[in-house]
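Trainee: Now for the letters of each chain:
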Amino acid sequence: MLTLNPRSIMSPFVVLFSRAKVTFVFCILLFSPPLWAELTIEISEGYDNAIPIAIVPFGFETAVLSVAVKEGQQGLEASKPSESKSDKISSPPLSQEKAPLDLAQVVAANLRRSGQFKPLLNSSMPSYPTSIEQIEFRQWRPLDIDNMLIGKLIDQGDGFYQVDMRFMDVLRKRQVLGKRWNQVPKENLRQIAHQISDLIYEELTGIRGAFNTQIAYVTMRKKGKKRHYTLEVADSDGFNAQAILKSTQPIMSPSWSPDGKKLAYVSFENGRSEVFIQSLDGQYRHKVASFKGINSSPAWSPDGKKLALTLSKDGSADIYIMDVKSRKLQRLTKRWSIETEAIWAPNGQSLFFNSDRRGQPQVFQVFLDTLEIRRVSFEGRYNANPEISPNGRYLAMVHGQGGFNIGLLDLYTDEFNVLTDTFLDESPSFAPNGEMILYAMNRNGRGQLAVVAIDGNTSQILRVKNGEVREPAWGPFLTQQ
Amino acid sequence: MFQLKKIFAVVAVASLGACSSPPDYIERSGEPDVIVDTAPGVHDGLDDGSEGGSGVEVLPLNSGAQSSGYGSTENMDGDPMKNFQEVEMFEPIIYFELDQYELTDQNTKVVKHFAQEMLNNERLTVKIKGHTDERGTPEYNLALGERRAKSVAEAMMLFGVAEPRIEVISYGEEMPVDAESNEAAWQKNRRAELEIR
Numbered sequence: 001m002l003t004l005n006p007r008s009i010m011s012p013f014v015v016l017f018s019r020a021k022v023t024f025v026f027c028i029l030l031f032s033p034p035l036w037a038e039l040t041i042e043i044s045e046g047y048d049n050a051i052p053i054a055i056v057p058f059g060f061e062t063a064v065l066s067v068a069v070k071e072g073q074q075g076l077e078a079s080k081p082s083e084s085k086s087d088k089i090s091s092p093p094l095s096q097e098k099a100p101l102d103l104a105q106v107v108a109a110n111l112r113r114s115g116q117f118k119p120l121l122n123s124s125m126p127s128y129p130t131s132i133e134q135i136e137f138r139q140w141r142p143l144d145i146d147n148m149l150i151g152k153l154i155d156q157g158d159g160f161y162q163v164d165m166r167f168m169d170v171l172r173k174r175q176v177l178g179k180r181w182n183q184v185p186k187e188n189l190r191q192i193a194h195q196i197s198d199l200i201y202e203e204l205t206g207i208r209g210a211f212n213t214q215i216a217y218v219t220m221r222k223k224g225k226k227r228h229y230t231l232e233v234a235d236s237d238g239f240n241a242q243a244i245l246k247s248t249q250p251i252m253s254p255s256w257s258p259d260g261k262k263l264a265y266v267s268f269e270n271g272r273s274e275v276f277i278q279s280l281d282g283q284y285r286h287k288v289a290s291f292k293g294i295n296s297s298p299a300w301s302p303d304g305k306k307l308a309l310t311l312s313k314d315g316s317a318d319i320y321i322m323d324v325k326s327r328k329l330q331r332l333t334k335r336w337s338i339e340t341e342a343i344w345a346p347n348g349q350s351l352f353f354n355s356d357r358r359g360q361p362q363v364f365q366v367f368l369d370t371l372e373i374r375r376v377s378f379e380g381r382y383n384a385n386p387e388i389s390p391n392g393r394y395l396a397m398v399h400g401q402g403g404f405n406i407g408l409l410d411l412y413t414d415e416f417n418v419l420t421d422t423f424l425d426e427s428p429s430f431a432p433n434g435e436m437i438l439y440a441m442n443r444n445g446r447g448q449l450a451v452v453a454i455d456g457n458t459s460q461i462l463r464v465k466n467g468e469v470r471e472p473a474w475g476p477f478l479t480q481q
Numbered sequence: 482m483f484q485l486k487k488i489f490a491v492v493a494v495a496s497l498g499a500c501s502s503p504p505d506y507i508e509r510s511g512e513p514d515v516i517v518d519t520a521p522g523v524h525d526g527l528d529d530g531s532e533g534g535s536g537v538e539v540l541p542l543n544s545g546a547q548s549s550g551y552g553s554t555e556n557m558d559g560d561p562m563k564n565f566q567e568v569e570m571f572e573p574i575i576y577f578e579l580d581q582y583e584l585t586d587q588n589t590k591v592v593k594h595f596a597q598e599m600l601n602n603e604r605l606t607v608k609i610k611g612h613t614d615e616r617g618t619p620e621y622n623l624a625l626g627e628r629r630a631k632s633v634a635e636a637m638m639l640f641g642v643a644e645p646r647i648e649v650i651s652y653g654e655e656m657p658v659d660a661e662s663n664e665a666a667w668q669k670n671r672r673a674e675l676e677i678r
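These protein sequence lines are chains A and B, in that order. Numbering follows our numbering, in which position 247 of the first sequence is assigned residue number 247; successive positions increment by one, without gaps. To get our numbering, take the position in the second sequence, counting from 1, and add 481.
Be aware that one or more of the hints could be misleading.
[To be verified] Reference listing, derived: stretches of chain B covered by chain A, where coverage requires no fewer than 3 residues with Cβ under 8 Å from a Cβ of chain A:
(1) 616-629
(2) 645-655
(3) 658-671
[Said to hold, decoys possible] Here are the computed lysine to any residue pairs in the SDA-like style, where the Cα-Cα straight-line distance is at most 20 Å:
(4) A/Lys-313 <-> A/Val-324
(5) A/Lys-226 <-> B/Glu-661
(6) A/Lys-186 <-> A/Asp-164
(7) A/Lys-225 <-> B/Lys-669
(8) A/Lys-225 <-> B/Glu-661
(9) A/Lys-292 <-> B/Lys-608
(10) B/Lys-669 <-> A/Arg-446
These aren't lab readings, by the way, just hints derived from the structure by calculation. The beta carbon of each residue, even a glycine, is placed where N, CA and C say it ideally should be.
Sequences and hints are given; from them, build the entire structure.
Mentor: Following this line, the structure appears as structure tokens:
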């Protein structure tokens, strides 16, 4: 398991520069607030045939003796209002109140968000077993529950915990999965809950879960007349948000390195677009493209060695490939038209990009061995910002037909579908398991994020308080499989 | 079609005290004794100080700036408008239609006006900032904003301004003057701003 490094090693630094006769101070802060503004999640639709499942609140014990006495709240926020709103715990087991995190609630929220599961409300549970011996299987059958998760959280002292989980087949009365994590630091418990969610999701759907992943996005808040931008990284459920860059100038286009350890992005901190690479542990930050004209649209190659970029140093915006180590550039397109928003095919042998060489933006593909170019999108007058699914089958894009929505092209069948019906949809990004697409949209005049299943059947909205959120990018799997 | 209007900027010349005459012209650059706001709100919310003196605002002169140094009598009666001066000016902003970057005849006139100003003063340089509305993808809009700024730059060069005096920057859709999501706001946001200094 990859633990999230605390980012507190980063220290604030200040860039000073002058232009014309005016000297001014521009601050970029690389810093680590304990918790940044949480994204709030709202699930608008689910599948009709979502699978009922019981995610029983975990027991909580100290290594020495079990907590049996109810005590006052310890001030630890086990759950956020946003989650509890949709999942009210009316009668949690007594011991939960001392637990540093309600793991079951995180798991239940994840599964519900996928649209494919319907976790039983705690208040509807006949009992709260925390070990196999305590399960009375006959209690659960009338509730249509075929599968249930039970578990324990054990305080091992010094801020470390043991997590036990058992995933049960209620029909066959047997354990399907059992796993124990030892000496887990308190701040990583949420990651464990995401891993448990992934295990259950894969067990029941056959598809790898993508709950234990992260998303990056840009927020914009207005303070008086100034705009404040932050580049943030959060868990896939919007929790654990941390700012990795703050600026008073725009930040755009975060792109995850395939190992999930770096982000490339565009920052206007020097008054114009430039491309930077920053490691999430705060160890380094490099400006990699600062040519004359625009420097934008970074996209990592699947092997992490190259970066596709849009540069206009030689005239109009064209696609280039930069070798990250040597910074050597290869120019892929040479047109008077706009070529931008390149992304790599999963096999690394071609790139998809947006070009308006036919007058309006459409998606094209360029093959690296021959530099042959073919048009890919034909539906409608505006197709931009392509994004390929991890298996290479689907191409998501911003589809303009009156409004702007996320379209999905099946490259195997050439079938094209519009997935979303929100307003000003853009910046689609696939979950690493290819099941969901994260994108930016506008609602009530504010930029918000939304997630839609690739079959369009379920969606959810993520928003920040007092600000706008945009330019989302879903990160890769954090663990090897 | 958005009609670019000539803006009549009424500049208050607060000739308090001594009866000095108002200046013959308003200097748009150089020492900003008078800063003229030709388009209120254009920089609303954008300026963090990084634009130097471009944060446009109508300001009165310091009361001492035009004082002749002697006498402290103040004549407050009479028509207050007597001391105001009307100046005809072009707004240093070029507006574009959706997805367009070509200059209309009217826009060309505006560019010509500012090109002439630059030809009249060899010290001046211009920063042309291209912007788009929020529709369409951010990266495409960044390139479209550059295209708009470049078409203004090319027109400037046609009118004789040397290339080294021109800087082109695109902000794409990142810096709207109006953050609303409607046609009126989008119209204001599709623009190239000229910053001459």
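Trainee: Each hint should be assessed against the structure and marked as holding or not.
Mentor: A quick look at each hint next to the structure:
With 11 residues bearing a CB less than 8 Å from a CB of chain A, the region 616-629 of chain B meets the requirement of three and the coverage assertion stands. Given a C-beta distance limit of less than 8 Å, the hint that chain A covers the region 645-655 of chain B holds, as 6 residues qualify and 3 suffice. Check on the region 658-671 of chain B: 3 of its residues sit with their Cβ under 8 Å from a Cβ of chain A, so the three-residue criterion for coverage holds. A hinted pair counts as satisfied when its Cα atoms are at most 20 Å apart, and A/Lys-313 with A/Val-324 qualifies at roughly 18 Å.
Distance restraint check for A/Lys-226 and B/Glu-661: the Cα-Cα separation of roughly 17 Å lies within the 20 Å cut-off, and the hinted pair is therefore satisfied. For the proposed pair A/Lys-186 and A/Asp-164, the alpha carbon gap of about 15 Å is at most 20 Å, so the pair holds. Note on A/Lys-225 and B/Lys-669: the hinted pairing holds, with a Cα-Cα distance of about 18 Å set against a maximum of 20 Å. The suggested pairing of A/Lys-225 with B/Glu-661 holds, with an alpha-carbon distance near 15 Å, which does not exceed 20 Å.
Distance hint between A/Lys-292 and B/Lys-608 is fulfilled; the C-alpha atoms sit about 14 Å from each other, no more than 20 Å. For a cut-off of 20 Å, the pair hint linking B/Lys-669 to A/Arg-446 stands: about 18 Å separates their Cα positions.
The structure fails none of the hints (numbered hints given earlier).
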